[in-house]
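Enquirer: Here's the letter readout for the chains.
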Amino acid sequence: MKLDFKVDKKTLIVRVSGELDLLVADEFRQEVDALMEKNCTDNIVLNLGGVRFIDSSGLGGILGRYKKVTMRGGKLAIVTAPVQVKRILEMSGILSIAGLYESENEALQAM
Amino acid sequence: MKLDFKVDKKTLIVRVSGELDLLVADEFRQEVDALMEKNCTDNIVLNLGGVRFIDSSGLGGILGRYKKVTMRGGKLAIVTAPVQVKRILEMSGILSIAGLYESENEALQAM
Amino acid sequence: MKITNQIKLSIISLPENLPLARVTVAAFAAQLDFTLDEIEDIRVAVSEAVSNSLIHGYENDPNRIVNIVCTIYGDVLEITVEDEGKGIVDIFKAMQPAYSTDPERMGLGFTFMQSFMDKVEVQSAVDEGTKVTMRKEPQKAVTALAEEN
Amino acid sequence: MKITNQIKLSIISLPENLPLARVTVAAFAAQLDFTLDEIEDIRVAVSEAVSNSLIHGYENDPNRIVNIVCTIYGDVLEITVEDEGKGIVDIFKAMQPAYSTDPERMGLGFTFMQSFMDKVEVQSAVDEGTKVTMRKEPQKAVTALAEEN
Ligand SMILES: Nc1ncnc2c1ncn2[C@@H]1O[C@H](COP(=O)(O)OP(=O)(O)O)[C@@H](O)[C@H]1O
Ligand SMILES: Nc1ncnc2c1ncn2[C@@H]1O[C@H](COP(=O)(O)OP(=O)(O)O)[C@@H](O)[C@H]1O
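Protein chains in written order, with the numbering used here: chain A, 1 to 111; chain B, 1 to 111; chain C, 1 to 149; chain D, 1 to 149.
Because the hints were derived from the structure by calculation, they are not lab data. Careful: at least some of the hints might be erroneous.
Said to hold, decoys possible - Okay, derived cross-link-like pairs now, DSBU-like style, lysine-lysine, Cα gap no bigger than 35 Å in a straight line:
1. K2/D / K2/C
2. K140/D / K86/B
3. K2/A / K86/C
4. K2/A / K86/B
5. K86/B / K86/D
6. K86/C / K2/B
7. K86/D / K86/C
8. K140/D / K119/C
9. K2/D / K86/C
10. K2/C / K75/A
11. K2/A / K68/A
12. K86/C / K9/A
13. K131/D / K8/C
Unchecked claim - In silico contact screen, one side only, chain D against chain C (beta carbon under 7 Å); selected entries:
14. M1
15. N5
16. Q6
17. S10
18. I11
19. E16
20. V23
21. F28
22. Q31
23. T35
24. L36
Even glycine gets a Cβ: it sits at the ideal position worked out from N, Cα and C.
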């Protein structure tokens, strides 16, 4: 797994690539939380375009960030997940609470 | 492994892709021999551009074709092998007997 | 039905071996006529079962062993994932969607295994271990058979 | 040195399992700091050792088992490939370049294993089987150590 990020006002844009599973779930959690902290952001736009694999442990990391952000009054949006990843996101119900957008710009406008 | 072929006068051009190992060595042998037979060709231009893996069993298949063709007075040339494949070809000594060319056209001119 | 092929992969209970377990099972599954989507399904199911052995069965102890056996019978792929860990008290409850004994987890592991495979069976005994058996047949094979009849 | 990680892959002696053996060992090797070229070397060495067990050890009998154990000790990857096949009469001779008991083969299997790995050891007993042990360390690790001293 690899994370790239960008800050747009109060929103942290995180671009995830690689595999999101048990092996990297903690790292994902810690890195995203640290980036939120450091950049004083309220919202997350999570770009999953580069994710080649996700399972329930990876999903758990995303849902955990969703909970944390919304508890503090922020928002989390998901951008461009590959078909397989999208299928898993749908089954978990996360897409009915966090929005799925086609591009980072679209997601930013919804923040 | 997948074989594509083209006939240019007395030369059979074979484009190999995939992995050339024990699993496919027999198939390689049989398919190439059948193509030579069917198209009444004397020479082989073997394009290894799409080969992702080769070991001594795969090499054996190539050397076998070399022997067969040269025994009948024909020629065998090898075209555009990826670095890893080239290294193995070099170690086997086959490049000092069969030529290595940059393109199918170059190889055809040497036939 | 006759076994056509079989492999067994034993890994030390380190999360580092999880990607490798997926890769090995996927390479084995590719011997049947699965679509790429079906291979993806299998990768998720294996990932869930092995993760469960690491986290729940062995409670993250990295010195244990998880055994993964893959078998082809006819057109069917069978995968078993087995640990000698702490076992499951109530298998029925454990398999309910969103049920987890770990508040940090989503309880979707078994749900995903069941959604992505044709059949999932769990055998478990407390303090002895857990064995998950999953089966899947390429959809193409099933369709072809139906058309023949 | 302490074992950091270990996996064992047992395959039925079918050539269909050869690509899978390479894929599994390569995925395990990727846990060390090998370059892509070094991983390629390892794939060739494993392919040669497993092919030998299938062709020579088991003489293409598809109902036997080849065991592949991969271990990481510190920075070193060790791979053993073991069969319970017919064994090698003269190991020294067998390891000579271009020596083969099969006129159709090139006799380069052991030569490639030796060229692509740091160390190759062969134990074999006639009618009992053959065990090939290969070791390789990422070149980066070796260079870094040299620079420290
Ligand atoms: N191999 C196992 N060993 C012991 N307990 C297990 C094992 N697999 C599953 N369980 C139990 O079943 C529960 C549900 O599993 P699962 O549906 O995969 O969800 P999750 O892993 O998110 O908890 C787990 O919380 C755990 O209590
Ligand atoms: N696992 C094995 N069991 C029995 N004999 C073996 C085994 N591996 C190698 N040999 C013997 O050693 C010889 C040399 O092996 P190798 O260098 O790999 O060349 P090749 O496979 O082309 O014959 C083989 O021809 C065979 O007689």
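Enquirer: Would you settle whether the hint for M1/D is holds or violated, based on the nearest Cβ-Cβ distance to chain C being less than 7 Å?
Expert: violated (16 Å)
Enquirer: Taken at face value, is the distance from the CA of K68/A to the CA of K2/A at most 35 Å?
Expert: Given pair K2/A, K68/A holds - Cα atoms ~21 Å apart, limit 35 Å.
Enquirer: Next pair to validate is K86/B with K86/D; report whether the Cα-Cα distance is within 35 Å.
Expert: holds (34 Å)
Enquirer: Check whether the Cα positions of K2/D and K2/C lie no farther apart than 35 Å.
Expert: violated (42 Å)
Enquirer: Within 35 Å, alpha carbon to alpha carbon, are K140/D and K86/B?
Expert: holds (23 Å)
Enquirer: Is the interface hint for L36/D satisfied, with its Cβ closer than 7 Å to some Cβ of chain C?
Expert: violated (16 Å)
Enquirer: Please verify whether K2/C and K75/A have alpha carbons no more than 35 Å apart.
Expert: violated (55 Å)
Enquirer: Sort out whether K8/C lies within 35 Å of K131/D, counting only the CA atoms.
Expert: Satisfied, since the Cα-Cα distance of roughly 19 Å is no more than 35 Å.
Enquirer: Hint check: K86/D vs K86/C, CA-CA at most 35 Å. Holds or violated?
Expert: Violated - the C-alpha atoms of K86/C and K86/D are around 42 Å apart, more than 35 Å.
Enquirer: Would the hint linking K2/D and K86/C be met if the CA-CA limit is 35 Å?
Expert: Since the Cα atoms of K2/D and K86/C sit roughly 27 Å apart, the hinted pair holds (cutoff 35 Å).
Enquirer: Next item in the hint list is S10/D. Is there a CB on chain C closer than 7 Å to its CB?
Expert: holds (4 Å)
Enquirer: Under 7 Å, Cβ to Cβ, is where Q6/D needs to be relative to chain C, so tell me if that hint holds or is violated.
Expert: Holds. Min distance 5 Å.
In this structure, the earlier hints numbered 1, 6, 7, 8, 10, 12, 14, 23, 24 are contradicted, and the remaining ones agree with it.
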